[in-house]
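Engineer: In the order they appear, the protein sequences are chains V and D. Following the numbering used here, the numbering of the first sequence begins with 56 at its first residue and continues without gaps. Following the numbering used here, the numbering of the second sequence begins with 3 at its first residue and continues without gaps.
The set of hints was computed from the structure by calculation and includes no laboratory data. Some clues are possibly wrong.
[Unchecked claim] Output of the computed footprint for chain D on chain V, the stretches with three or more beta carbons under 8 Å from beta carbons of chain D:
1. 119 to 132
2. 164 to 176
3. 191 to 198
Because the structure is a prediction, the values reported are computed rather than measured. Backbone N, C-alpha and C fix where the C-beta goes; we use that ideal spot for every residue, glycine too.
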Amino acid sequence: MPPGISASDFYNILPELVLTSGALVVLIVDVLLPKERRGALAWVTLLAIGATLASLVPFRSTHVEVAQGLLAVDQFALFFKVVFLVAAAITVLMSVRYLEIEGASPGEYYFLILCATLGMMIMAGGIDLITIFIGLETMAVSFYILAGFIKPSHRSNEAAVKYFLLGAFSLGILLYGMSLMYGLSGTTNLRVMAAAFAGQETDARLVLAVILVVAGVGFKIAAVPFHMWAPDVYEGAPTPITAFLSVGSKAASFAMLIRIFLEGLPSMGHDWRLLFEALAIITMTVGNIAALTQSNVKRMLAYSSIAHAGYVLIGIVAGTSRGITATLVYLFIYAFMQLGAFAVIVGLRRADVAGEELKDFGGLHARNPFAAFAMLLFMLSLGGIPPTAGFMGKFWLFSAAIDAHYNWLAVIGVLNSAVSLYYYVRIVVFMYVKKEALGSEPATSPTLAVVLGVAVAATLVLGVYPRLLFELADASARTLGAAGVTTSLR
Amino acid sequence: MGEAIAFYFIAACILGFAVLVISTKDTVHSVLFLVLDFLFVAALYVLLGAAFLAAIQILVYAGGIVVLYLFVVMLVNLKRPPEAHSDPHRQTRLGFGMAAAVIVELGAVALYSTGKPVVPLASAATAAIPVSGNTEQVGWLLYTSYLIPFEIASMLLLVAMIGAIVLAKREL
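Could you put together the complete structure from these sequences and hints?
Structural biologist: Structural data, given as C-alpha cells:
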C-alpha cells in the first residue's frame, strides 16, 4: 500500500463501494435482460440499496477519518446516508409504474438514481472541499439527466435544460467561494481550515468567500432568492424524480452546508448566521405566499418545499447542538411526508391524464379512500398539525430557535405555518368536500401501496413516538466537530 | 514584482477574453476567443509552476474540447448574417503571412534546439519544489492521498457518459 491510503480506508468506505458495484450491476443486467422483462431491474436496484443499508450496520458507532481527512465516517454521515437510501428506495418503488406509463427505459434510470445517491453519501461524509465538490457534482449531473429523462415531453426537456444551466452557474459560484477559502487557509480540509481561521480577525476576502458559498449552497437547497429554478424543474421533471430531488438533493445539500459552515467556518459564525437568518425569513415567507396561488399540485409542492428549506434553516441559524438535532429530525420526517405526497400524485398519473392539477384531486375520497386519507395525513404533516410527525419536527425546530434566543425567528416560522395551512387544506377540501369526480380513477399498484403504507406509518409513528429518532439525531449532531456546535451560543 | 505584473496581465487577459466570448455575435469568433481564454489560463498555471497542468489545459481544453465546439458550431449551421461569409475586410494575405511566420518560427526553434540537452524551463524559479518532477507529483497525489475522490470522479465521468447516451439516442 502506498502512503496516504491504507486497507482500512477501503473497509471504511464499504457502503459506498457496495452502492457503486450495485449501480454497475444494474447497468450490466439491463443489457442482459430481454427488453420486455426490464421491469425486473427495479428489484435489482432495491437489492443494491438494501445491501448498502446492511453494509452500514458495522459502522453504527465508528468515528474515523478516511484517507487523511478526505471523508469522515461518523454518525452524522450515517444518519444522512440512511435518509438518502430510504428516499432512493421509495423513489424506485414509485417509479415502477410511472416508467411503464411513460415508456422510458428503466436501466439507465435506476443506474442514475443509484449514482445520485452515491454522490449524496459522499457529500454527507466529506470533510474536505474536494470530496464534497466531487460528490455534489456526481449528484447534480445525475439529476440533470434524470430531470430530462422523459424525452418526448417538452416540460421535461425544459426542466433539464433549466436545471443544468442554472446548476452549472451556481456550482461555479460555489467553487469560487471554495477556492477563496482554500486560498486564505492553504488547505482544503475543513477541520484544518477551522483551526487555521480560529482566532483570526475577520478578513474581508473571507466574508466574500462566505457570501459566495452561501449563494452556491442556497441554490442547492432552493432558498429564496436562489429558488427560481425550483418550480419549473419540479413541475417538469418526472414525478418520482421530483420527489427524490426535493428530498434527497435537499437533505444532501443541508449535510454539505452543515459540514462546510459548522466544521470549516465556525470562526465566521457571526457572519454566516446573519446571512442564513435573513435567508430563512425570506425563504419561508416567499415560498408560502407563492404556493397560495398555485393550481398545479407539483408546482405547489415545489413552493412548499422552498418554504420548508426556510424552516430547516432556522435550526442551522440556532446552531446549537439542539438546533442541529432539530435540523436532522426535520429532514428525516420531511423525507417521508414529501415522498408520500408525491406518491399520491404518481398514483393519479395515467396514460391520458397528467393527474397533477388540483381538480384531479376532486372527490378522491369517494374513488380511493386510502389514497385520500394518506394525502390528508401528508398535508396535515407538512402543515405541522399534531399528531403527525410534521408537528414534532416543527415544534423541535422552533423550540431550538427560542432556546438560542431567536424568538422572533420562531414567531415568523409559526406565522408562516399558519399561512401554509391554507393551501394544504385546500387539497383536503378538494378530496373530501367536492362531490363531483373530476379526476380519473387512481390506478393502484402493489409497489405504490407499499410506498403509501410506509410513508403513512412513518408519519404517524414519528408523530406519536418520536423519541428514538430524537436520540439518534442527537447522537449524530454531537459527533460533528465539537468546536462548531458548542461555541455557537449567542 | 515581475511575477505580480505577469499575474495581473494574464488575469486581465482572461477576464477580457471571457467578456469577448459572450459578447461577440458570431459563434465561431466566440469559440476562438474561448481558445485564447484557455491559453491564458494555461499561462497562469505556468506562472504557478504547474507546468504539467498547463500542458493538460492546452491539450484537453484548448485542443480537444474547443475543437469539438468548433465542429458542432459549424455542423449545426447557426443562422449567421450573410455578410459574415463574404467579409469585405478579410485579410487573406495577412493570414498567409502570419501562417508563414509561424512555420518559420517553428523551424527556427527546431533548428536551434537540435543536439542540445533538454533544459527544464523553470529550473531556477521552482527550486523549492522537491526533486521529483511536476507530472510525478500530480500522479503521486492522485493515486495516494486523493485516490478516493479520483475514483469517485471516474463514477462521475461514467454518469456523464451514460447521460449523454440517454439524452442523445433516439431509441434505447
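Engineer: Take the hints in turn and mark each one as holding or not.
Structural biologist: Consistency of the hints with the structure:
Requiring three or more residues with a Cβ within less than 8 Å of a Cβ of chain D, the coverage given for the stretch 119 to 132 of chain V holds, as 5 such residues are present. Remark: the stretch 164 to 176 of chain V is confirmed as covered by chain D, as 5 of its residues place a Cβ nearer than 8 Å to a Cβ of that chain, reaching the required three. Three residues within the 8 Å Cβ limit are the bar, and the stretch 191 to 198 of chain V against chain D gives 4, so the coverage statement holds.
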